[in-house]
Amino acid sequence: MAGPRVRLVVTADDFGYCPRRDEGIVEAFLAGAVTSVSLLVNGAAAESAADLARRHKIPTGLHANLSEGRPVGPARLGDSSLLSPEGFFLGKMGFREAVTTGGVALPQVREELEAQLIRFRELLGGDPTHVDGHQHVHVLPGVCQVFAEVLQANGVRFTRLPVERGVGDRAWLEAPARAFACSVERDALAAVAPFSRYGLRWTDAFVGLSTCGRHMSVHRVSGALARALEGIPTGHTLTAELMAHPGYPSVPPAGGCGKGPDAFSCSWERLHELRVLTAPTLRAQLAQDGVQLCALHDLDSRRPGEATLKTFLERSPP
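Everything in the sequence shown is counted per this note's numbering, starting at 1083 for the first residue and increasing by one.
What the hints contain is simulated information worked out from the structure, not anything from laboratory work. Virtual Cβ for every residue (Gly too), placed ideally from N, Cα, C. Worth double-checking, as some hints may not be accurate.
Straight-line C-alpha distance at most 20 Å; calculated EDC-like pairs for lysine to aspartate or glutamate [what the hints assert, rightly or not]:
#1 Lys1341 to Glu1168
#2 Lys1174 to Asp1344
#3 Lys1139 to Glu1129
#4 Lys1139 to Glu1204
#5 Lys1139 to Asp1161
#6 Lys1174 to Glu1256
#7 Lys1139 to Glu1168
#8 Lys1139 to Asp1251
#9 Lys1174 to Asp1380
#10 Lys1341 to Asp1161
#11 Lys1139 to Asp1380
#12 Lys1341 to Glu1129
Ranges of calculated distance between the beta carbons of each label pair, as one might list FRET restraints [to be verified]:
#13 Pro1167 to Gly1114: 43 to 53 Å
#14 Trp1254 to Gly1313: 42 to 52 Å
#15 Gly1114 to Pro1335: 31 to 41 Å
#16 Pro1167 to Gly1317: 55 to 65 Å
#17 Pro1167 to Arg1357: 39 to 49 Å
#18 Gly1342 to His1318: 45 to 55 Å
#19 Gly1184 to Val1333: 37 to 47 Å
#20 Glu1312 to Ser1278: 34 to 44 Å
#21 Arg1357 to Trp1254: 15 to 25 Å
#22 Gly1295 to Asp1251: 27 to 37 Å
#23 Pro1258 to Pro1156: 15 to 25 Å
#24 Leu1188 to Leu1112: 38 to 48 Å
Model the full assembly from the supplied sequences, consistent with the hints where possible.
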């Protein structure tokens, strides 16, 4: 075959969460296993993470956070629909419930997103390569519209669309994890319209909902990418993103976004992802599958006739 079938961006989320996590992420980047990072500007280690990104020239985006820890915008100064009485965000599921019941004021979402973009520029001295959402909050109903408007107004072109083909069929996922992944995917499909309307771009395919933590393996990553390729004509190149969470486990009290690190960050699962991503076996399998790792900015060079997300979604529903 003349060229790769898949051009893959591997994004390490939660950069800035804690120094030990960041150490593993940088290790993976220097090994060529990670090609992009998403920074939590309200993370406990955001400043040192920004220093690492500059030192190693790591393509860095903003991991917009509306669900964990403390805000960076005006909400921190008083009452806000985004916060609990203790002054923290409402949590992964708490924020979703508040959005569903209409309890979140979207103008306050806008203020926080804009404040996080400002903070990102203060830390990195430039614009993010992309903006995605911590715990996928950016695709939630209503929030996705505000998110798209803010990104367009700030000149950000790239985001993430967490639509993983066949995620509902992943037998290894426990029922709660599968249900959450399917709900994220439903929200993401509904977010396509506002994202498109405001000129946002994303990769043709996405992998990571079913390969998070202990569920990551060479076989599963390869299989998920192969599923994404189904129906794509020979000779076309698919762009894809693999969401990852590598790192060395957090050791409390260091880390987190204002409340200390969560259980997932303290577990061996982060180290497991780091080892899978940097293993020679994964690199060999990806090469055999016709997968070429690249940075997000390399995807700007898409040629006419290459597969697009629109055709991918039309060919086979998730």
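Comparing the hints with the structure gives:
Pair hint Lys1341 plus Glu1168 holds up; C-alpha atoms about 11 Å apart against a cutoff of 20 Å. Annotation: proposed proximity of Lys1174 to Asp1344 holds, straight-line Cα distance about 12 Å (limit 20 Å). Distance check on the hinted pair: Lys1139 and Glu1129 sit about 15 Å apart at the alpha-carbon level, within 20 Å; holds. As the CA atoms of Lys1139 and Glu1204 are separated by approximately 17 Å, the hinted pair is consistent with the 20 Å bound.
Distance restraint check for Lys1139 and Asp1161: the Cα-Cα separation of roughly 39 Å exceeds the 20 Å cut-off, and the hinted pair is therefore not satisfied. Of the supplied pair hints, the one linking Lys1174 and Glu1256 holds, its CA atoms being roughly 18 Å apart against a limit of 20 Å. A hinted pair counts as satisfied when its Cα atoms are at most 20 Å apart, and Lys1139 with Glu1168 does not qualify at roughly 37 Å. Taking the CA atoms of Lys1139 and Asp1251, the gap is about 38 Å. The hint is violated against a cut of 20 Å.
Straight-line distance between C-alpha atoms of Lys1174 and Asp1380 comes to about 32 Å, which puts the hinted pair past the 20 Å bound. Proximity of Lys1341 to Asp1161 is assessed by CA-CA distance (about 19 Å); at most 20 Å being required, the pair is judged to hold. The hinted pair formed by Lys1139 and Asp1380 meets the criterion: a straight-line CA distance of about 15 Å does not exceed 20 Å. Pair hint Lys1341 plus Glu1129 holds up; C-alpha atoms about 17 Å apart against a cutoff of 20 Å.
For Pro1167 paired with Gly1114, a C-beta distance near 46 Å keeps the hint of 43 to 53 Å intact. The hinted window of 42 to 52 Å between Trp1254 and Gly1313 is violated, with their beta carbons roughly 24 Å apart. About 33 Å separates the C-beta atoms of Gly1114 and Pro1335, a value consistent with the hinted range of 31 to 41 Å. The hint said 55 to 65 Å for the Cβ distance between Pro1167 and Gly1317, and at roughly 58 Å that hint holds.
Distance hint check: the CB atoms of Pro1167 and Arg1357 are about 41 Å apart, consistent with the given range 39 to 49 Å. Checked against the hint of 45 to 55 Å, the C-beta distance between Gly1342 and His1318 comes to roughly 46 Å, which is consistent with it. Here the CB-CB span from Gly1184 to Val1333 is close to 40 Å, well matched to the stated 37 to 47 Å. Separated by about 23 Å at the C-beta atoms, Glu1312 and Ser1278 break the suggested range of 34 to 44 Å.
Roughly 18 Å separates the CB atoms of Arg1357 and Trp1254, a value that falls within the hinted 15 to 25 Å. Taking the beta carbon of each, Gly1295 and Asp1251 are about 19 Å apart, not inside 27 to 37 Å as hinted. The hinted window of 15 to 25 Å between Pro1258 and Pro1156 is violated, with their beta carbons roughly 34 Å apart. At about 40 Å, the CB distance of Leu1188 to Leu1112 agrees with the hint of 38 to 48 Å.
The structure does not agree with the numbered hints 5, 7, 8, 9, 14, 20, 22, 23 stated previously, though it agrees with the rest.
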